[in-house]
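Given chain F's structure and the hints, the job is docking chain C onto it.
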Amino acid sequence: MLVNEVINAKDLPVMEFDGIIVGGGGAGMRASLQLAESGLNTAVISKVFPTRSHTVSAQGGITCAIQSDDPDDDWRWHMFDTVKGSDYIGDQEAIEYMCSEGPKAVFELEHMGLPFSRTEEGRIYQRPFGGQSKDYGKGGQATRTCAAADRTGHSLLHTLYQANLKAGTNFLNEWFAVDMVLNTDGAVVGVIAFKIETGEIYYIKSKATVLATGGAGRIYASTTNALINSGDGIGMALRAGMPVQDIEMWQFHPTGIHGAGTLVTEGCRGEGGYLLNKDGERFMERYAPNAKDLASRDVVARSMALEILEGRGCGPNADHIFLRLDHLGPEVVHKRLPGITELSKTFAGVDPAVQPIPVVPTCHYMMGGIPTNINGQVITIQEGQDKVVEGLYAAGEVACVSVHGGNRLGGNSLLDLVVFGRAAGIYIEESMKQGVELKNASHEDIDKALERLNKLNASSEGEQVSALKERMQQNMQNNFGVFRTKDLMEKGIDDLSQVRDEVENMHLKDKSATFNTARIEALEMQNLFEVAEATAVTANSRKESRGAHSRDDYPDRDDENWLKHSIYFSENKEVSKRDVNYRPKTVQAFQPMVRSY
Amino acid sequence: MSQAIPVAQLKSVTMSIYRYDPSLDEKPYMQDIVIEVPTDKDIMVLDALHLAKNQEPSLSYRRSCREGVCGSDGMNINGKNGLACVTPLSEALKRNKLTLRPMPGLPVVRDLIVDMKQFYDQLEKVKPYLITKSENPETERTQSPEEREELDGLYECILCGCCSTSCPSFWWNPDKFLGPAALLQSWRFIADSRDEATEERLDALEDSFSLYRCHGIMNCVSVCPKGLNPTEAISNIRNKLIAREK
Chain F
1 MLVNEVINAK
11 DLPVMEFDGI
21 IVGGGGAGMR
31 ASLQLAESGL
41 NTAVISKVFP
51 TRSHTVSAQG
61 GITCAIQSDD
71 PDDDWRWHMF
81 DTVKGSDYIG
91 DQEAIEYMCS
101 EGPKAVFELE
111 HMGLPFSRTE
121 EGRIYQRPFG
131 GQSKDYGKGG
141 QATRTCAAAD
151 RTGHSLLHTL
161 YQANLKAGTN
171 FLNEWFAVDM
181 VLNTDGAVVG
191 VIAFKIETGE
201 IYYIKSKATV
211 LATGGAGRIY
221 ASTTNALINS
231 GDGIGMALRA
241 GMPVQDIEMW
251 QFHPTGIHGA
261 GTLVTEGCRG
271 EGGYLLNKDG
281 ERFMERYAPN
291 AKDLASRDVV
301 ARSMALEILE
311 GRGCGPNADH
321 IFLRLDHLGP
331 EVVHKRLPGI
341 TELSKTFAGV
351 DPAVQPIPVV
361 PTCHYMMGGI
371 PTNINGQVIT
381 IQEGQDKVVE
391 GLYAAGEVAC
401 VSVHGGNRLG
411 GNSLLDLVVF
421 GRAAGIYIEE
431 SMKQGVELKN
441 ASHEDIDKAL
451 ERLNKLNASS
461 EGEQVSALKE
471 RMQQNMQNNF
481 GVFRTKDLME
491 KGIDDLSQVR
501 DEVENMHLKD
511 KSATFNTARI
521 EALEMQNLFE
531 VAEATAVTAN
541 SRKESRGAHS
551 RDDYPDRDDE
561 NWLKHSIYFS
571 ENKEVSKRDV
581 NYRPKTVQAF
591 QPMVRSY
Chain C
1 MSQAIPVAQL
11 KSVTMSIYRY
21 DPSLDEKPYM
31 QDIVIEVPTD
41 KDIMVLDALH
51 LAKNQEPSLS
61 YRRSCREGVC
71 GSDGMNINGK
81 NGLACVTPLS
91 EALKRNKLTL
101 RPMPGLPVVR
111 DLIVDMKQFY
121 DQLEKVKPYL
131 ITKSENPETE
141 RTQSPEEREE
151 LDGLYECILC
161 GCCSTSCPSF
171 WWNPDKFLGP
181 AALLQSWRFI
191 ADSRDEATEE
201 RLDALEDSFS
211 LYRCHGIMNC
221 VSVCPKGLNP
231 TEAISNIRNK
241 LIAREK
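Chains as they are written, first to last, in my numbering: chain F, 1 to 597; chain C, 1 to 246.
Isolated chain C, as found in the complex:
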């Protein structure tokens, strides 16, 4: 079904975008790109990036689902980490200007794209999969609605990296401190009534860095685009560790 689209009023918005292609640029720089956006409706920061890319096809960023569920387009939007596709331009703009940088703390591959290797490596360390030792039944393992409810606020993580890359403890020790995203996943499996590896999971977190470098700064909570609470997950693990010592 086609329909006539009324000619919209446009306004100019200046985007200041971090640019760096290591094969061409000696060092990173900020590039101003002026885009025209409609005045009668809001667009998302990702839509603004598309408009900028139409002018500058070399501008690089990750994107996939454009609805906040795949976690591709985490970036630093006017100083705060978030997903470009679910951040309305009107909320992001400061004095009609939008500054976009890659998520901090990880090496930049190009423009707004960071190398997520450290982030994924830390995730893998917590064995982010269900571990069972008893034999699988023929049908499903049963779980009560209450037991399943324990996973709400945990299983929804989209691995965008907004939390870990806004965490000062992760910036300082990205190889030793697991970071909020990985620890949230760790708790997701400890909290799962079907998982049978709680003790080994806790053992692996007993050193002074993996978990205990969390200082409760709570940047992770304030930036999580899914409204999850890694700090709470970390303190739940901590309580388990303490209870076990007694």
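Pulled out of the complex, with its shape left as it was, chain F reads as follows:
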């Protein structure tokens, strides 16, 4: 059966696995490795060949207290920094788990062959990153981010792919997952997916489905994210009636290359680089007297945006900031930062060993996502209570476990994806041993998951994808950026609701079944739209400023009313609150404090 036919459940071929993982990035391949090594029949469904996943673009490193640079380093200090960085809405049980399990997960990567940079003692090289401290914020800057030059994500992703080859994981490469199949109990029992090359479509049945589809930075016009980051898992979850959590929290990375949006790692500042305004002033000394250029990302991004708004930006249009590295000398720049040297030359025409790099805050990371517990099990909310969705897991950027809360620390995303990809794998392995019984999906259940595709195939008129995408991206960029205000957000929400109908009724002109990228882009656009609307509505609902969410009309953090997760369902577009976890297992919870750097 082909993707361009009228597809019905009755004639749809079925493939069956113990566990399937949707997404072949770091989280997905860490989960699949765990499952494949345990002997379960596992498949990774990835819309690109796995090493093309966006994890490949991570540069600076993976933050973890492995005690290489500092033998006295402590995972509890890392936990403190992460809680503070999250602006106190990160779940402390999850952060505790990530920081304490982290060293094990990092050493495993090294054993798989990850080519970390090394110290003179032969240990893994670590560099300072933003928001890091020793001794619970009292001991000055820590040096905690494990690095493979400035290509850590590339090294990590290729290493995980290699390890999966060794373990014999089944890869369904260049397969696109359309929607999840739910049985009458509301449990997830697989996905509808098609092989992009030929258009052959299947119901892929599974007892455990892991969403590891990554982020959705492409809702914004300017982003460091890959073109494939379209929030496919978020779209699938919202359409299936599940919620997203803290989706208003979008990280703007301080240093995207001006104009191109490509990332320049925080490791540049970790290695000693700093930011300058048009007067040549190291302005971060004013905003964050202690941490300076290594304050948290939300703090640095806002400071830069203010400098530009107040007329102290660089360049003829005063619209960017300079990142200076030349004082480090060519030796450090070329040895520690070879990747960004290449990117700066290609996309800004400057050699950072000689000239400063023009940078602006650029959409980078989705802190929010599908709520899960520390086993990766997806949580929904019923009558105000948490409830596990049977058969469904999520890990990595698509998930909100939540270790990043309102603001993620640099180097914590790679740690998040290996720790929780691994945790989901371990939990699934255990539960399979106990035995998992899920009711089969009926034809009706499966047909529901085919609706979107059939509608697109039947389209004979309507808007083109490219026009709708541009309209949405400009809207998000202008109305839901670094600084947010009620009027603009309401205008943005209004525009999105006008577009929704057109997005649901887009015209797919090219109906070919063979490697049809127009069909993929249309399906991705619908996913992006779900993320954009969830972001917009939730941002307007959170009436305070916290982490990356900064409002002119509510400039302060409001712990009394908003020391909470936001929860959004697309069905009624309503936002509710969920308690933040302040119950770590082995340490005292860190209570909210004034957050200064």
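Calculated from the structure, these hints are not laboratory results.
Don't take each hint at face value.
Claimed, not checked - Derived contacts from chain C toward chain F, CB cut-off under 8 Å, selection only:
#, residue
1, 57
2, 66
3, 67
4, 69
5, 142
6, 155
7, 156
Stated by the list, open to error - Away from chain C, derived, C-beta distances all over 10 Å, residues of chain F:
#, residue
8, 101
9, 138
10, 183
11, 184
12, 285
13, 286
14, 385
15, 433
16, 461
17, 504
18, 558
19, 576
Built from N, CA and C at the ideal position, the CB exists for glycine as well.
Positioned in the frame of chain F, the structure of chain C alone reads:
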């Protein structure tokens, strides 16, 4: 932050693009698509392709990171393999014309998309993963900075396929000659002080095709978008093989 974008001067560029959808077309053809590009700034070939796709949504090509690290958009750009996303249009243009074809030597799936199966199969043959026999320590395996430096110029490979599909030896024997990308990976593990399978890796390359079909043509070196040198990796393996015979 929004800002007014000044109205840019535009110029026309003709893109001549290889088109083929086996479900619709009897045979491949070249299609001319005229796009308007700004005169005051350079764009990348991938940006030009996006402009062309806005006019012709059926035009198909792979792309992901758009910054030269994922290796999706390898293609033949005015006769030379490269990544569309890091090739400036100004450098690629010849007499204001840009000709794009799929990477040569592999079956075409559609338009600029080739079937990479042979390429990946060859990669898998070299066992591209660390093989250790001794027990893993509790922390990391140590490696000196000098030992780690041996991996520079090797681990950065992005598997785009530009090298292998520009190699005449690979065109002739894509099933028997492993090709520059796979051999670079082979050397990446032989060169790794932590790997404990050098002898078996070398054994697997002893036949007359796997490695020895490299004739030092060096197309791989001239096209590699990451500036890597597969020919050197191949000659390093060759030297190891020869040294072992003595």
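Chain C versus residue 138(F) - minimum CB to CB distance exceeding 10 Å, so not interface: Non-interface label on residue 138(F) holds, nearest chain C Cβ at 27 Å vs cutoff 10 Å.
Residue 155(C) as an interface hint toward chain F, with CB separation required under 8 Å: holds (5 Å)
Chain F contact restraint on residue 69(C) - CB to CB distance below 8 Å: This interface hint holds because 5 Å falls under the 8 Å limit.
Hint check, residue 67(C) versus chain F [nearest Cβ-Cβ separation less than 8 Å]: holds (5 Å)
Residue 504(F) non-interfacial with respect to chain C [C-beta, more than 10 Å]: holds (19 Å)
Non-interface claim for residue 576(F) versus chain C (Cβ beyond 10 Å): The claim stands: residue 576(F) keeps its Cβ more than 10 Å from every Cβ of chain C (closest is about 31 Å).
Status of the stated non-contact between residue 285(F) and chain C (beta carbon gap over 10 Å): Non-interface label on residue 285(F) holds, nearest chain C Cβ at 23 Å vs cutoff 10 Å.
Cβ separation check - residue 558(F) to all of chain C, threshold 10 Å: With a cut-off of 10 Å, residue 558(F) remains clear of chain C, as the shortest Cβ separation is near 25 Å.
Check on residue 286(F) being off the interface with chain C, judged by Cβ distance over 10 Å: holds (20 Å)
Check on residue 184(F) being off the interface with chain C, judged by Cβ distance over 10 Å: holds (38 Å)
Status of residue 183(F), Cβ more than 10 Å from any chain C Cβ: holds (34 Å)
Reported absence of residue 461(F) from the contact zone with chain C (all CB gaps over 10 Å): Per Cβ check, residue 461(F) is outside 10 Å of chain C; nearest 15 Å; holds.
In the structure shown, no violation is registered for any of the earlier numbered hints.
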